[in-house]
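Turn these sequences into a full structure, and let the hints guide you.
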Amino acid sequence: NNLMAAQMTNAHRRFLQVLMSNGITERSEARKLHQHCCETDKVYYAHDKLDDFISIINSHLQPLFMQIRKGISEDDGRAHYAVVNLAETEVTKMASDYTEIELELFRKTMDLIILSENGFASSTDILNLADQLKTKKMKKKEAEQVLKVFVEDKWLSEKNGEYTLHTRCIIEMEQYILSNYQDVARKCNICHSLAIQSQVCESCGIGMHLRCVRKYFRGQAEPRCPKCNEFWSYDTP
Amino acid sequence: QVSELVQFLLVKDQKKIPIKRADMLKNVIREYRNAYAEIVRRADRILQEVFGLQLVEIDTKRHIYILINNLPHAEGQHLCRGKEKEVMGLLLVILSFIFMKGNSVKDSEFSPKPPSLYPHFSFSLTPHFPGALWEFLHLLRVYPGKQHSVFGDVRKLVTEEFVRQKYLETTPIPLTDPPEFKFQWGPRAEKETSKKDVL
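So the protein sequences, as listed, match chains A and B. Quick note, the first sequence lines up with residues 1 to 237 if you use the UniProt record's numbering. Quick note, the second sequence lines up with residues 1 to 199 if you use the UniProt record's numbering.
Simulated from the structure, these hints should not be mistaken for lab results. Predicted model only: the values in this text are computed from it and were never measured. Cβ coordinates follow ideal geometry from the N, Cα and C atoms, glycine included. Hints are not guaranteed to be accurate.
As the list claims (entries may be wrong) - Keeping only pairs whose Cα atoms sit at most 30 angstroms apart, straight-line, the calculated DSS-like set for lysine-lysine is:
1) B:Lys-85 - B:Lys-26
2) B:Lys-16 - A:Lys-42
3) A:Lys-227 - A:Lys-32
4) A:Lys-215 - A:Lys-227
5) A:Lys-49 - B:Lys-85
6) A:Lys-137 - A:Lys-154
7) A:Lys-32 - B:Lys-85
8) B:Lys-191 - A:Lys-108
9) A:Lys-108 - A:Lys-187
10) A:Lys-70 - B:Lys-85
11) A:Lys-148 - B:Lys-101
12) B:Lys-101 - B:Lys-182
13) B:Lys-101 - A:Lys-154
14) B:Lys-182 - A:Lys-154
15) A:Lys-154 - B:Lys-85
16) A:Lys-70 - A:Lys-141
17) B:Lys-15 - A:Lys-154
18) B:Lys-85 - A:Lys-148
19) B:Lys-101 - A:Lys-42
20) B:Lys-182 - A:Lys-42
21) A:Lys-108 - B:Lys-12
22) B:Lys-85 - A:Lys-159
23) B:Lys-15 - A:Lys-148
24) B:Lys-101 - A:Lys-141
25) A:Lys-141 - A:Lys-187
26) B:Lys-15 - A:Lys-134
27) B:Lys-15 - A:Lys-136
Stated by the list, open to error - Pair ranges (Cβ atoms, derived):
28) A:Lys-32 - B:Lys-26: 38 to 48 angstroms
29) B:Lys-26 - A:Lys-148: 45 to 55 angstroms
30) A:Arg-31 - B:Asp-59: 33 to 43 angstroms
31) A:Glu-144 - B:Ser-149: 16 to 26 angstroms
32) B:Lys-16 - A:Thr-99: 11 to 21 angstroms
33) A:Glu-26 - B:Lys-26: 33 to 43 angstroms
34) B:Arg-62 - A:Asp-48: 29 to 39 angstroms
35) B:Arg-42 - A:Ser-116: 38 to 48 angstroms
36) A:Leu-115 - B:Lys-156: 39 to 49 angstroms
37) A:Val-43 - B:Val-93: 24 to 34 angstroms
38) A:Thr-124 - B:Ser-104: 53 to 63 angstroms
39) A:Asp-48 - B:Ser-104: 24 to 34 angstroms
Below, the structure written as structure tokens:
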């Protein structure tokens, strides 16, 4: 395969550097960045070849157990890119940025979110957790601050006082979540990737992303579960 | 081991923390100490080839390293997000000022007046004496005592952050009492920025 032997150019390196410093990059931004890098480093630019461009980088990242990975935002359905560490056995990327106690709060928050019906944890529930941390108790004020930082750093996103996992977190930690929450974490019945915010069938328990539900039930007068055929009782998003 | 070291260095570099050899040995290389030099060499090669970064020793006595960016400087908003662009802009301005004042400026708000050879003339003729950094930054409405809308605590940014990241170096001026300090380019600035970029 030609692509695998392709050399990295400065354009590829520059693209990778920016992706890493951004944390998460939305697809249209990534397209612009692709163009900018090729122009800056005078490399041949084909506007529809972003995926090939990324594949070349990925072939060089593979021996390092890293990858540029694409994920779909559960909020707006847009594609985003992030640089992921595949060898992670725990939340190692965050480990260097936060203290022990902050990491514990994050892990417990993630528990709440993944175990929840709708993929959200209320700020009240999270703040109650702060009291029960093993490492050291955290005051509510402090926990509020830490949550704010998690949102700024794009590990969590907040809506109406409720918190869910940011797209960045989902892309970067999908493997970790699927292996550590094996019995609880849901995979969408339609697209088979991790679903945090989902609608769940009341009869057979399968889950689907909100965007996948919308697509699947489009135009159907009577929405029915794709697996067990029971009437789908939720409102189509 | 090599890929672990690469990860380790990338993480430290994200925060621009200089890396001590002792940390590399303890956290990553561990029992493979004999192969240290080889592992580091290979990690450096991968950093250059894949990421366009280079491992550089900035303190040969205490064995401290930083990762510098090998890629040629580019214009454009893509490289810095949000505040970073302005912070880098401020840094560049400070670096140019230091360069043009003969590579060293005083950490103070007032330029010393050169002893007047011609006491009849009251204006000072530059650039004999190092100018004062904060006097210059006043022209840009950046004040060490005041919280800046973009940079926040500017004094902290310049004297602590920029120094910690090795962009600036601060040394005491000999024979001053109380001790006064001067700013010069730090090793990261030396390696990453050409004097040409700055003009």
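Tested hints:
Among the hinted pairs, Lys-85 (chain B) with Lys-26 (chain B) is inconsistent with the structure: their alpha-carbon atoms are about 35 angstroms apart, more than 30 angstroms. Using a Cα cut-off of 30 angstroms, the hinted pair Lys-16 (chain B) and Lys-42 (chain A) holds, with the two alpha carbons roughly 28 angstroms apart. Using a Cα cut-off of 30 angstroms, the hinted pair Lys-227 (chain A) and Lys-32 (chain A) is violated, with the two alpha carbons roughly 41 angstroms apart. Of the supplied pair hints, the one linking Lys-215 (chain A) and Lys-227 (chain A) holds, its CA atoms being roughly 16 angstroms apart against a limit of 30 angstroms.
Restraint check for Lys-49 (chain A) and Lys-85 (chain B): the C-alpha separation of about 29 angstroms stays at or below 30 angstroms, so the hint holds. Simply put, Lys-137 (chain A) and Lys-154 (chain A) have alpha-carbon atoms about 24 angstroms apart, close enough for the 30 angstroms limit, and the pair holds. About 18 angstroms separates the Cα atoms of Lys-32 (chain A) and Lys-85 (chain B), which keeps this hinted pair within 30 angstroms; it holds. Distance check on the hinted pair: Lys-191 (chain B) and Lys-108 (chain A) sit about 43 angstroms apart at the alpha-carbon level, beyond 30 angstroms; violated.
This hinted pair checks out: Lys-108 (chain A) and Lys-187 (chain A) have alpha carbons roughly 21 angstroms apart, not beyond 30 angstroms. Taken as a hint, the Lys-70 (chain A) and Lys-85 (chain B) pair is honoured in the structure, with Cα atoms around 26 angstroms apart against an allowance of 30 angstroms. About 43 angstroms separates the Cα atoms of Lys-148 (chain A) and Lys-101 (chain B), which puts this hinted pair outside 30 angstroms; it is violated. Annotation: proposed proximity of Lys-101 (chain B) to Lys-182 (chain B) holds, straight-line Cα distance about 12 angstroms (limit 30 angstroms).
Among the hinted pairs, Lys-101 (chain B) with Lys-154 (chain A) is inconsistent with the structure: their alpha-carbon atoms are about 42 angstroms apart, more than 30 angstroms. A distance of roughly 39 angstroms separates the Cα atoms of Lys-182 (chain B) and Lys-154 (chain A); the hinted pair therefore is violated under the 30 angstroms criterion. Proximity of Lys-154 (chain A) to Lys-85 (chain B) is assessed by CA-CA distance (about 20 angstroms); at most 30 angstroms being required, the pair is judged to hold. Distance check on the hinted pair: Lys-70 (chain A) and Lys-141 (chain A) sit about 35 angstroms apart at the alpha-carbon level, beyond 30 angstroms; violated.
Restraint check for Lys-15 (chain B) and Lys-154 (chain A): the C-alpha separation of about 17 angstroms stays at or below 30 angstroms, so the hint holds. Between Lys-85 (chain B) and Lys-148 (chain A) the alpha-carbon distance is near 23 angstroms, which keeps this suggested pair within the 30 angstroms criterion. Of the supplied pair hints, the one linking Lys-101 (chain B) and Lys-42 (chain A) is violated, its CA atoms being roughly 36 angstroms apart against a limit of 30 angstroms. Of the pairs offered as hints, the one joining Lys-182 (chain B) and Lys-42 (chain A) is violated, with about 41 angstroms between alpha carbons and a cut-off of 30 angstroms exceeded.
The hinted pair formed by Lys-108 (chain A) and Lys-12 (chain B) meets the criterion: a straight-line CA distance of about 26 angstroms does not exceed 30 angstroms. A hinted pair counts as satisfied when its Cα atoms are at most 30 angstroms apart, and Lys-85 (chain B) with Lys-159 (chain A) qualifies at roughly 29 angstroms. A hinted pair counts as satisfied when its Cα atoms are at most 30 angstroms apart, and Lys-15 (chain B) with Lys-148 (chain A) qualifies at roughly 20 angstroms. This hinted pair does not check out: Lys-101 (chain B) and Lys-141 (chain A) have alpha carbons roughly 48 angstroms apart, beyond 30 angstroms.
Proposed proximity of Lys-141 (chain A) and Lys-187 (chain A) is contradicted: the alpha carbons are some 35 angstroms apart, above 30 angstroms. For a cut-off of 30 angstroms, the pair hint linking Lys-15 (chain B) to Lys-134 (chain A) stands: about 28 angstroms separates their Cα positions. The straight-line distance between the Cα atoms of Lys-15 (chain B) and Lys-136 (chain A) is roughly 26 angstroms, inside the 30 angstroms bound, and the hint therefore holds. The beta-carbon spacing between Lys-32 (chain A) and Lys-26 (chain B), approximately 42 angstroms, falls within the hinted interval of 38 to 48 angstroms.
A hinted range of 45 to 55 angstroms is violated for the C-beta pair Lys-26 (chain B) and Lys-148 (chain A), which are about 33 angstroms apart. Checked against the hint of 33 to 43 angstroms, the C-beta distance between Arg-31 (chain A) and Asp-59 (chain B) comes to roughly 42 angstroms, which is consistent with it. The given range of 16 to 26 angstroms is respected by Glu-144 (chain A) and Ser-149 (chain B), whose C-beta atoms sit roughly 24 angstroms from each other. Range check, Lys-16 (chain B) to Thr-99 (chain A): Cβ separation about 19 angstroms, and the 11 to 21 angstroms hint holds.
For the hinted restraint 33 to 43 angstroms between Glu-26 (chain A) and Lys-26 (chain B), the CB-CB distance of approximately 39 angstroms keeps it satisfied. Our hint of 29 to 39 angstroms for Arg-62 (chain B) and Asp-48 (chain A) is violated, since their Cβ atoms are close to 51 angstroms apart. Our hint of 38 to 48 angstroms for Arg-42 (chain B) and Ser-116 (chain A) holds, since their Cβ atoms are close to 45 angstroms apart. Restraint check, Leu-115 (chain A) to Lys-156 (chain B): a C-beta distance of roughly 42 angstroms satisfies the suggested window 39 to 49 angstroms.
A C-beta distance of roughly 31 angstroms is found between Val-43 (chain A) and Val-93 (chain B), which places it inside the suggested range of 24 to 34 angstroms. As the Cβ distance of Thr-124 (chain A) to Ser-104 (chain B) is approximately 56 angstroms, the hint placing it in 53 to 63 angstroms holds. Checked against the given bound of 24 to 34 angstroms, the beta carbons of Asp-48 (chain A) and Ser-104 (chain B), roughly 52 angstroms apart, lie outside it.
Checked against the numbered hints listed earlier, the structure breaks hints 1, 3, 8, 11, 13, 14, 16, 19, 20, 24, 25, 29, 34, 39; every other hint is satisfied.
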